[in-house]
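Residue numbers (the numbering used here), protein chains in the order written: chain A, 1 to 650; chain B, 1001 to 1118; chain C, 2001 to 2479.
Calculated from the structure, these hints are not laboratory results.
Heads up, some of the hints might be wrong.
[As the list claims (entries may be wrong)] Quick list of the computed label-pair ranges, beta carbon to beta carbon:
hint	chain 1	residue 1	chain 2	residue 2	range
1	A	R612	C	L2411	20 to 26 Å
2	A	Y630	C	Q2438	36 to 42 Å
3	A	I474	C	E2449	50 to 56 Å
4	C	G2171	B	L1089	36 to 42 Å
5	C	D2007	B	F1098	17 to 23 Å
6	C	R2198	A	Y628	42 to 48 Å
7	A	R612	C	Q2438	32 to 38 Å
8	B	G1113	C	Q2190	44 to 50 Å
9	C	Q2035	B	D1071	32 to 38 Å
10	C	R2198	A	R612	51 to 57 Å
11	C	G2171	B	K1112	26 to 32 Å
12	B	D1071	C	V2004	28 to 34 Å
13	A	V648	C	Q2035	56 to 62 Å
14	B	K1112	C	I2442	34 to 40 Å
Here the structure is a predicted model, which is why all the values come from computation and not from measurement.
Think of the CB as a built atom: it goes at the ideal place given N, C-alpha and C, for glycine as much as any other residue.
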Amino acid sequence: MQNIYLGIILAPLMGALIAGLFGRKIGRSGAHWITIIGVATAFLLSLIVLRHHVLSGAAPYNGSIYTWMIVEGIRLEVGFLVDNLTAIMMATVTFVSLMVHIYTIGYMHDDDGYQRFFSYIALFTFAMLMLVMSNNFLQLFFGWEAVGLVSYLLIGFWYKRESAIFANMKAFLVNRVGDFGFLLGIAAVLMAFNSLDYADVFAAAPLMASMTVQIIPGADWSLMTVTCILLFIGAMGKSAQVPLHVWLPDSMEGPTPISALIHAATMVTAGIFMVARMSPLFELSPTALSVVLVIGSITALFMGFLGIVQNDIKRVIAYSTLSQLGYMTVALGVSAYSAAIFHLMTHAFFKALLFLGAGSVIIAMHHEQDIRKMGGLWKYMPITWVTFLLGTLALIGTPGFAGFYSKDSIIEAVHASQIPGAGFAYFAVMLGVFVTSLYSFRLYFLVFHGKERMDHHTQEHLHETPAVVTVPLILLAIPSVVIGAMTIEPLLFGEVFKGVIMVTPEHNVLEHLAEHFHGAMNFALHGLTGLPFILVLAGFGSAWYLYMARPDVPERIRQLAAPVYDILDNKYYFDQFYQRFFARGSCETGTVLWKYVDAGLIDGLLVNGTARWVGWVAAVTRHLQSGYLYHYAFAMIIGLLILLTWFVTR
Amino acid sequence: MLSNYLPVLIFVIIAFIAGTVMVSLGYFLGPRRDDDAKLSAYECGFESFEDARMKFDVRYYLVAILFIIFDLEIAFLFPWAIVLDKIGLFGFAAMAVFLGILVIGFIYEWKKGALEWE
Amino acid sequence: MNFVAPDFMPVVPELFVLTMACLLLVIDVFLEQRQRYITYGVAQLTLLGAALLTLVTYAHAPVTTMFGHYIKDAMGDLLKIFIYLSSAAVFLYSRDYLRRRDLFKGEYYVLGLFGVLGMMIMVSAHSLLSVYLGLELLSLSLYALVAMDRDSPVASEAAMKYFVLGSLASGMLLYGISMIYGATGSVDLQVVSDAVARQGADNLVLVFGLVFLVVGLSFKLGAVPFHMWLPDVYQGAPTSVTLYIGSAPKLAAFALMMRVLVDGLGTLQGDWQQMLIILSVLSIALGNLVAIVQTNIKRMLAYSTISHVGFLLLGILAGSPEGYAAAMFYAIVYVLMAVGAFGMVIMLGRTGFEVENIDDFKGLNDRSPWLAFLMLVIMMSMAGVPFMAGFYAKWMVLQAVVNIGLVWLALFGVVFSVIGAFYYLRVVKCLYFDKPEQSEPIHISLDTEIAISANGLLLVALGLYPTALMTWCATALLN
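The shape of chain A in the complex, shown without the other chains (with noise of 0.2 Å):
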């Protein structure tokens, strides 16, 4: 197996440099085949490994391939962990890249960086399998910081966009902010386990759990919770958790295969995953794990309300992604991982489903992207119109969809849970499932129903893109529609995530939920007449009352409510805040620091200090360096005697 471990990580990376080294050697046909079989080569030996490990029930595979070097005890290595959770997540995000590799045959068509943009994706398939198949902290981080490189050179792809430059700017720092605290978080780890190595730190786990530390003298933490709040700030980053969710929106800014693939399939579910992957360590923290579910809660609801402001077509799917990462999350936060890794699954599919859907209608629309000057997109592009409403309905959860069952666990799991804000969550969920309700059919009847709002030129060239775009919304659609009912009863309920996912006894709501499983049949048909359900109508009901029966309300209630709608508008002013106080206070230091620390005292004195210092020092020993012989006699002789009445005369 361990052969076929290193060809997945390895074809894709072969691809990636073949394509982005050569590129003007192979042309752009050589570059899409080369990455596109290096991917499906991935894939298809994933599906080996998914078989080999979830259906056969396999033993857990723990080793490692390469040991760079051994300091002090502690082994800095490239090894795989791959169990079942690694085998799903790989699975996951090597079917999704093959499919947005295809599509984007047609969307980059035009472009002059077509190799550049395969060489990157397939380069982020390398690093995201890096980051889910380690065995290690070290391996962990440097994936993660790889598929942040790698999303911060794509969404300025179109470099000569001021827009794309300010937003990769804007996920750079927002990232480094998390990654600070994940690069704490695992020092923390390096400092109480003395290993980076996830089986000794899980193993040593339950013996640090009443272990406290003194980060501010006097106060006693518990270092538990320390370290996995670190860690979870990692998460907040990288999963675009609030307060750190600015820079997403603003990541749109990439080409859109790179938004479905990177910000919403798979990059962005590296912190659910690896919160998921530290269930040994955030289990024995309650208080880390409240400051996820809030976190969460506060997420899943507050980013859905944005999503129904928005005009963009991107941004609404955007803010629709902030929201069910924090669905995600809340799930992490109640002890539910399984069904944070099942909704993360689940979304990967319909939410690339949605993103790849957006990029169909955008080529079709000439790259426009308002939904206001869209609507009824349906007569024009069947394929796209139907694949489309698939994703919208399980993003809202219609029963029997994929979505249906992920969030309709995690809803049901929160409600079972006891921990502290735990309440506050399930409001929010359940308030959530209306809001994306709303947001989703506001988007969908707005592009695809509906009056033609388009202008007269765009409205001629309308037709339904070209087949490499289309597949790969079909493939996408199946999975959307049918894996939720057909994976539910084995990976929440069964036995996948035993000895994989650790979860306390006092905590775990699922097995709560098992007792009322009845199949998952019985389980869609239960939700026909739950609450959430009622909430989803509710949100169909008034997206087609406002955007549908009555276009004209919308506008009347924007001026009733105009402060509110501000708000929204204003994304609840993080923007504002951060460029406020962070930026520009962290221009105005840095303006004061260049000015006299910089200049004066790092350029003056160390750097052009020592460039002189340097330069005269060389000077003189040039000198030195007559080129006589008695002089070169000379200094070794001085050399000599110095040495010797040093040591003699001690």
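Could you slot chains B and C onto chain A? The hints should help.
Using the frame of chain A, we list chains B and C on its own:
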């Protein structure tokens, strides 16, 4: 142990005194009446026509160096010949190897033409 | 008194190299100039044969022979293998250079082999006498090699300086040896070691002798302030000879330090540790600083050698097994880097043009991306960039120094290696970001190109898998 060197020391002192006394006696007692002819360098009755520190042909050095190698060989051979009956076959073989290596050097210099004057 | 023939088995590699070198000397004078490749081939075969002999008889436990003057142990054998390897690379890289400069003479290879023999004696020396013998055999070969290009005034000047200063250093070394002999009554390192342990470190004569020994050895390594010959000789000598001086002799000098200071005078560690601290601090500082202002690539590499020697000394002065292993690793990696770097310098020349200045590397990437990449690897490794062999080597010696509590020394090393990175990166900048000044295609024979590629890739491989060689070094030092 150092007392063994006492005669040497006495000898050195006597030699030093004798040398100094003879030179200084000549310096103080002898009459000195210099003229041009007496002060000029003496070269068989002629004026000297070039500097005494003349350049030697580089080939002198080559021959001299080559000579020294084989000269030293003799210095090594003498003590060896005296104790040959004590050091046995191994001693003999060792010298044979040494001479063999020298012969190789000899072949080399001969073939290279180092022994030809022109 | 009767002599018993000593056991000749352990010295078979030395005997083989000696025989072959003598044979080569005779064969060569009977060859025509166009048959000179035979000399080259025989020289390479000699190294190969010696390597095989050393490998077959690889020592698992130390054996002394030749009346205690010679020791065969794993450290010696390991270093010898790398001496053969780097010398073979030197012969290969310099072949085409010698040809186009009309220096393709048998003497280069004969003297090269005698030098190798000298190094072998040095690494296997077990008495101060064989230390001196090996050292002089090597040095005399080197003096002659430097002077080989008789028509070049620069080379003659370099040879003259090297010879005079080398004699001075040899004199100091001999003086030190005589002091040690006077204090302990023997030249056998084992006896010396026992005697020193008995009388303790307070003996003034011993310390006196130690200073002279350290100075003599430092000259050979090129540690400041006994480094003055190094830049002039490196620059003045024909590049093929610079390549030779800059590589394998460093391994031998390292071995010499180990034999004399650690095996022989281990009890005086407190004394020589301080001396080496002074030497290494000066070397690291001066080497890195002066290298920055050099424009001549050979001179720059000479100063870089001085700084590397400083790092090498750090490992030895740590005085712990891990420090010795780290220093040994450093020496081997340094030799691989030096062979590669000078090899690149030599290879980029052609008839009527030799690479002299850093500017001659400009735009190499446009002319030959692969060679530029190899040069990049070598420079990065020298600078100590992570995942390169040079990084691990530096890391290990610094760690050894930290472990004996000399944190300031390690910090000093780190600061100066950062400063040092500047001039390596300047070469990299030339390779990739400057426009080429010449457009003539680069002709390199296939075997040379394969060898330099292997050389460069080995540096990457050692950076990624350092533990194998490191373990080998550590175990070799243990027995």
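With respect to the beta-carbon atoms only, verify the hint that C:D2007 and B:F1098 lie 17 to 23 Å apart.
Check passed, 20 Å falls within 17 to 23 Å.
Range hint 26 to 32 Å: satisfied by the CB atoms of C:G2171 and B:K1112?
With a Cβ separation near 31 Å, C:G2171 and B:K1112 satisfy 26 to 32 Å, so the hint holds.
The hint says 56 to 62 Å between A:V648 and C:Q2035; measuring C-beta to C-beta, is that right?
About 58 Å separates the Cβ atoms of A:V648 and C:Q2035, which means 56 to 62 Å holds.
Range hint 36 to 42 Å: satisfied by the CB atoms of A:Y630 and C:Q2438?
Check passed, 40 Å falls within 36 to 42 Å.
Please check whether C:R2198 and A:R612 have a Cβ separation lying inside 51 to 57 Å.
Hint holds: Cβ distance 54 Å, inside 51 to 57 Å.
Within 50 to 56 Å: is that where the Cβ-Cβ distance between A:I474 and C:E2449 falls?
holds, 52 Å
Consistency of beta-carbon spacing, C:L2411 to A:R612, with hint 20 to 26 Å
holds, 22 Å
Between C:R2198 and A:Y628, is the Cβ distance one that fits in 42 to 48 Å?
holds, 46 Å
Holds or violated: 36 to 42 Å for the Cβ distance of C:G2171 and B:L1089?
About 38 Å separates the Cβ atoms of C:G2171 and B:L1089, which means 36 to 42 Å holds.
Distance restraint evaluation - B:G1113, C:Q2190, Cβ atoms, bounds 44 to 50 Å:
holds, 48 Å
Cβ separation of B:K1112 and C:I2442, checked against the hinted range 34 to 40 Å
For C:I2442 against B:K1112, whose Cβ atoms are near 36 Å apart, the range 34 to 40 Å holds.
Verify the CB-CB distance for C:Q2035 and B:D1071 against the hinted window 32 to 38 Å.
holds, 35 Å
The structure agrees with every numbered hint stated previously.
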